[in-house]
Amino acid sequence: MNWLIAMLQTTLFVALAPLLAGWLKCCKCRLQNRKAPSLFQPYRDLIKLTHKQPVVAGQASWLFTIAPYLVFSATVLAATVVPLIAVDLPTSASADVIVMVGFFAFARFFLALAGLDIGTAFGGMGSSREMTISSLAEPAMLMAIFTLTMTASTTNLSVAINHVLNDGLMLRPSFVFALLALILVAIAETGRIPVDNPSTHLELTMIHEAMILEYSGRHLALIEWASQLKLMLYGVLIANIFFPWGIAETFTAQALGYGLLAIIGKLAVLAIFLALAETLVAKMRLFRVQEYLSFAYLLGLLGMLSHIILEASR
Amino acid sequence: MIAAYLVLLIPFIGIVFFALAGHKADTGKLNIRFNAVCLLATVWLAINVLNQGTLLSSGKAFLIDPFNVYLIVLTAFVGLTTSIFSSPYMAHEKELGKLTDKRLRLYYSMYQGFMLAMYLVLTTNNMGVMWVAMEGATLATVLLVSLYRTPESIEAAWKYFILCGVGIAQALFGTILLYYAAVQVGDVENSLLWSVLYENASKLNPEILEIAFVFMLVGYGTKIGLVPLHNWLPDAHSEGPTPMSAVLSGLLLNDALYAVVRNKMLVDGASHSDMAGHLMMGFGMLSFLVAAFFLHRQKDIKRLFSYSSIEHMGIMTFAFGMGGPLATFAALLHMTVHSLTKSAIFVTVGHASQVAGTQSMDKIRGLIKTQPRIGWGLLIGTVAIAGFPPFGVFTSEFLVLLATMHSYPWLTPLLLLGIGIAFAGLFRHVQPMVYGNQPEGQFPVKANLWPVMIHLGLVLWLGLAIPGFLAHWFSQATLLISGSTPL
Amino acid sequence: MILLLAYGAVLFSFASGLLALMMDQRQVLLGLSQYWFKTFPHNHQYGRSVLEGRLQEAHYPDALRQAVFGLLGLSGMFAVLAGLGVMVGKEAFTDQISLGLPWLPWHVRFDSLSGFFYLIIGIGVGAVSLYGPGYVRAYDEGQHPFAALGLFTGLFVSGMLLVLLADDAFFFMIAWELMSVASYFLVAFQHENPANRRAAFLYLLMAEVGALAIILGFGVLASFSDGFTFDALREAKLSSTWASIAFVLALLGFGMKAGVVPIHVWLPEAHPVAPSHISALMSGVMLKVALYGLIRFCYDLIGDVHWQWGVVLLIVGTVSALGGILYAMMQVNLKRLLAYSSVENIGIIFMVLGLSMIFMDNGQPQLAALGFLAALFHAFNHALFKNLLFLGAGILQHQTHELNIDLMGGLIRRMPHTSKLFLVGCMSISSLPLFNGFVSEWLAFQTALQVDVLDNGVLRSLIPVAAAALALTAALAAACFVKVFGMIFLGQSRSRHCDNAHEVDDQGMLAGPSLLAGLCFLIGIFPGVIISLLNSVAGQLLGQTLPNDSALGWLWLAPVSAKQASYSPPLVLIAALIAGCISFWYLRRNPATVMRRAEPWDCGFGGLTPRMQYSCHAFTMPFRRIFANAWIVDERIDKDLQGAMDQDVAAIRYQLHIQDHSWPRLYEPIARGVDRLARQVGRIQTGNIRTYLGYSFATLLLLLWVVS
Amino acid sequence: MDIEQQDFYTQAILSLAALVGLTSFLMLGQGRLLRLIFIFAMQGFLLTLTAALAAYSLDNPHLYISAVLSLVLKVIFIPWMLRREVIQMQAHRDIEALHNKTTVMLGGASLMVFSYYVLHPIVQTTSPVMLNALAVSLSVVLLGMLLMISHRQAVAHVVGFMAIENGLFFAAIVATNGMPMVVELGVAFDVLVAAVLFGIFFFHIRTSIDSLDVDRLNRLHEVDK
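Protein chains in written order, with our numbering: chain A, 1 to 314; chain H, 1001 to 1487; chain F, 2001 to 2708; chain L, 3001 to 3225.
Isolated chain A, as found in the complex (with noise of 0.2 angstroms):
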């Protein structure tokens, strides 16, 4: 039964996430003076491209083809791995917060060589710069968590919002810190403005579209899915950690329901500030990404430290 909704949950998380993208996209319209497109466009999009007929370059190897499946995949159990609508399911058990990162880092393995494979500027260009900004995107992501980790003393993520929850509404000057940290972390990975812009195809700033260039068919379809997901992990990574209430606790079909509205109330609210956001600010240099980064390392660091000096129990 539990692994019946552990799945369940992963299932309406890959769902879910083209919905959320969509949603982004409708706000930042909104905000922008545009006519949004429909709230579904998303899934159209990925209809189309599964229907389409891949065109790949001549000198791909199996590499290029298979890497889409491989990014897919270990997003989707990234997905497993964090709790959606409840805690305490068997699939985050098997796999912590730790092992989540490294299935970032598995499915950016390898979309960068895929960039790599075909031998084009762009593509060594996009890889060049993901990796760069990725390595300098982890280690600030793990201090935020590490902030949480350490509060709870565990790195299971559905035992570490259980233990949030419990301790009812606290205010935490670490977990500030920590969701500024992770904040700043989720815009930089998920290649949102001011770091990537999603929406550009002008050659000297993709980032992350640099290195898909070449896919085309159902490969684009999972990049770009795989992607979408990515964006939605991290916004339940806000949402649940630092505000979890709402989750179902328990397995019954009312606290379930529950945890679903209000996991989907959280996302949207989530969604309209980043769009805000994107809206406000422009993108910035390459080479000024690392300040950022920096900054959100700092704010981890910060977070970690005022545990320490702060809250921690001696």
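Some clues are possibly wrong.
As the list claims (entries may be wrong) - To list a few chain A residues with every Cβ distance to chain F over 10 angstroms, as calculated:
id: 1; residue: Ser-38
id: 2; residue: Arg-172
id: 3; residue: Glu-203
id: 4; residue: Ile-238
id: 5; residue: Leu-260
id: 6; residue: Ile-272
As the list claims (entries may be wrong) - Below, a sample of chain F positions facing chain L; criterion: calculated Cβ distance under 7 angstroms:
id: 7; residue: Gln-2507
id: 8; residue: Arg-2683
id: 9; residue: Arg-2690
id: 10; residue: Leu-2704
FYI, nobody ran anything at the bench for these hints, they're computed from the structure. Predicted model, so just to flag it, every value in this text is computed and none were measured. Cβ coordinates follow ideal geometry from the N, Cα and C atoms, glycine included.
Starting from the known structure of chain A, arrange chains H, F and L on it as the hints suggest.
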């Protein structure tokens, strides 16, 4: 005891014989035979000592105890292997026209003369005779250093002569002081006999003995090559014929150190301060460090290894000075393995410079490719002398280091520094010589490398396991010198 | 029995070395065999024909190489068996060999710790013995005699094995130096290249200095005890200061061999120039032996570790990890890069070991055991994947005669098997989930996150920072190996050599790496096997094992408690397979969407050329900008100008030279200082005899003044 | 110690010691080779006298042998040989200008004081006469070295070397009434051989550097020029 007389008699005959017939074609082989017989005699002597313990001749003129018996065998052994090496070497030199018949006669005669002096230094019980023999060794070798009659070799020989002569004169003054101290407490006739002195050591006047020791140390120390009395050593080693360098490094330095240690035993018996030991430690450490730096600046291959000899003599002096069973044992072992290794190295060095036609290290290249045996011999020899196991030099250096750590821990950084620098100095020069491609116009020479292999084999054996009888002698000698055994 | 296996491993490796010497002695062997069959003519007809066939001139070299590596393989197998046996048996064996000093025979002790490292060596040697025959065939016998290579390989392996067996300081040092010297000769094997000579010299020099430091470390312990046997040294009662001095000496000595920053410089010089299977052994195995030495020295001999040492290790490890990977990233020589990456991994191991020490001294033996376990596990993993990568690099060098990453490219199509094996290595070393590297890194994080139990505020804030540095290291490693794999195997070929490259013919050369790759994956999925073995090591050394790590069943990894953290690689693998299969099946079911090949997008400029690809330097440019101070970067762009007023650029040359900070900061000053001092000292030797007499005179007067 | 209270032997020994010391000083300041050799022969003669006196007073016959040895070697043979070589090599006209004669002489004087200082501890165990004699012989040894250090002529070096030997000889006679016979003979033999070798070397050096100036023997050095 007959064996001891035999050991002295054979080289004496050798001197006369070769002085008359040293230029004949097969003299080299004859020289080998003389040395071989001598080695047999020393082995016989050693067996006697092993069976009967310390031997004292009837007139007390000769004393064979565990401290010198192994040095005697070692001397005979190195003398033999070096003569094996010198036979083709000298023939080659004669072919090149560097030597005449007359000089060959001189060479072989003085070779035996040197051996005689060495045996006499070791076997005699009389400190005066020891001095005479030591001076005799200088006299025997000084003309060999200038054998090639080049300006450099004459200069080197002159410096060797004057510095060692003056130095050793100080040792005589020390001996006179020793005698002076001894006649005040004992009978006049036997007062210079070491065995008598050693028995009466506690009665001797410590102040006189300390002053005497200073003279001895400066005197014999010149022959050991202790810095700053060492200046003759690299010159003499580099300019003389290579077999001479091999025996100088392998034997003469040892014997001089032997003389110093004999005297130190007396001083230690008389005085309870550690003055003698501390002086030796100071000199040893200084020589070791300075020689290590000198290694970096060498251009001549034989000079390089002569500085390495200074360095190792420094270690031994240091270890003897430190006293204590462990350090003494280490020093005794080091004497053995250093002699074996260094003479082996000089053999390969001799051939290497014949291969390249020069002693200048810049011009010696690619030995392994030219003549693998010489190249590998030099390389392995250097590895051994640098103190890498499983060669015996490692064992002794290991023990010295540990003993130092135990007694004078604040000196260990200096030792560490010195060994590291010396090692770098050796290898930065040796590596380019043995490695690399064969240069144009460099061809193999006829060489007999059995001595090298035997020596290195022995050093390897000593590094892996010290045979029982040798261990017994070492520990007896350690007992004699330091008052207790490491066992 | 197990001890016999252990001895067998040593003897076989030794025998393989000796057998290699027979390369030039075919006639002797022929004579011997004829004599043998003449004496016993009746039996062994079959054996005779085989043997004589092998001894024919045409077959002899190959047969001998096979035999030598076969013996080495046997040695590896015995080592694995002995190691497993002792760890499973949880019992220590002691023995004495009557060699050595008269009052100190060689003491031998074989316990779980030795056993674990035996296992590492055994696997490494086993893989190399499969790989070796094919690899060394390429050497020209006249130029690079196999006798030397085989002899020193055998000695090297037996030296490493003996280090693990040693139970007294003297024997330990002999074995240790045997290992160093033998590997020195291997580094110098192709000595006609100046780079080899330089590397060999540097290596031997640092090995020597390190060994001296170790001897002194033993000396400190021996000063407070009576004897050199490890039993005696364990009894030594040290004051805290002396214990710390001993620790620093040991760290210096073993760290020099292990290659921690800043005493790592021999590593990136020596590993690239040695034959690849030797670099694999050096990097994959020998560095672990150094680690063994440190563990033996600190945990076993000194006994009670201080948390301050842990902090030192943590800092040294962090610096090495970050420094190592940053330097690695900038390299274009593949083996040099791998060598720097070894520095990084050793750094990680040291970090975790430091954590273990900190917990140990703070009364948390269980967490100490966790850290210890993580460190050893990472050592094991590193041995596997670094061995794999070096062997892969050897294949590449063998096939393309090239080690410069910037001149490779597109090999995934020409060398499909190699590329797959190499990919496994890259994934493991980048610590991606499902592979072994990840497990140990995960354990390392788990250790670091237990910092809450400590009281000391400094430690509590230091350790998380170190953990973040570890995260950064891992991410950088991933970037680095994306570069490596991408530049070598992906894209288009950048040189003629690579155009003509093809897959290796020799099955053995693929079998060795395949073995390692398989282990990388298997252990990534079933880490419990190694952990239970390691538990026996920790139990014997620290007296503490991890709590029932099998509480959740053998599928799970829960080092502290299931509540705190758990990881189940098999489940993850299953889930990944499910997700992958579903998506694969779903998307490919429509036959109309068959893949079509076309030209890649070239912005309309008419065809891509290999020169348009990102190169190594281009790929790492952002890192170079961001971590600018980590290297000494010398970047130069020369333009050839032509035309009127010199305004047209005809050609651009780009030069990049990247140097390690430790050279100009540490080593060059030392070298200059020695040279300067040597020059000063040389002034003693003036050549004037009167000066010399003056020295003698002054010495005499001085001494007389001193004694009177 | 009052010299009036000593017996005649002691008085004579002390006077001879003073004379030996004086000859050493004279040699130290001497720049002309032939005169140097002459003073050296004088010193040898004084030693012969001392040995003979000691032999006579102490009734020690083997000291007579020492006296004869020293007469033959140090008064006759070596000076004769040196003189012959110097004249043969046309070196007797060379006058060596000592740069800082005063300093050297003062240094010599302080060496004498130093010798007393060094040997002073011995005074407890022995008569002051012995101390004086030993101190003089030590200073002769040291002055011999100083002679070698300050002179550049090879011949002067040989003289210095032999002067050191003289100091030792003097010490041996005065302090211990001579060494055991075998040692005496051995030493004498060594000195003889050394003297012969020196002769050979003069010839070699002369042919190789065309001079007997030891400062020109400086090919083997390790100083960066």
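Here is how each hint holds up against the structure:
no., hint, verdict
1, Ser-38, "24 angstroms, holds"
2, Arg-172, "15 angstroms, holds"
3, Glu-203, "8 angstroms, violated"
4, Ile-238, "19 angstroms, holds"
5, Leu-260, "22 angstroms, holds"
6, Ile-272, "31 angstroms, holds"
7, Gln-2507, "59 angstroms, violated"
8, Arg-2683, "5 angstroms, holds"
9, Arg-2690, "5 angstroms, holds"
10, Leu-2704, "5 angstroms, holds"
Against the hints set out earlier in the document, violations occur for numbers 3 and 7.
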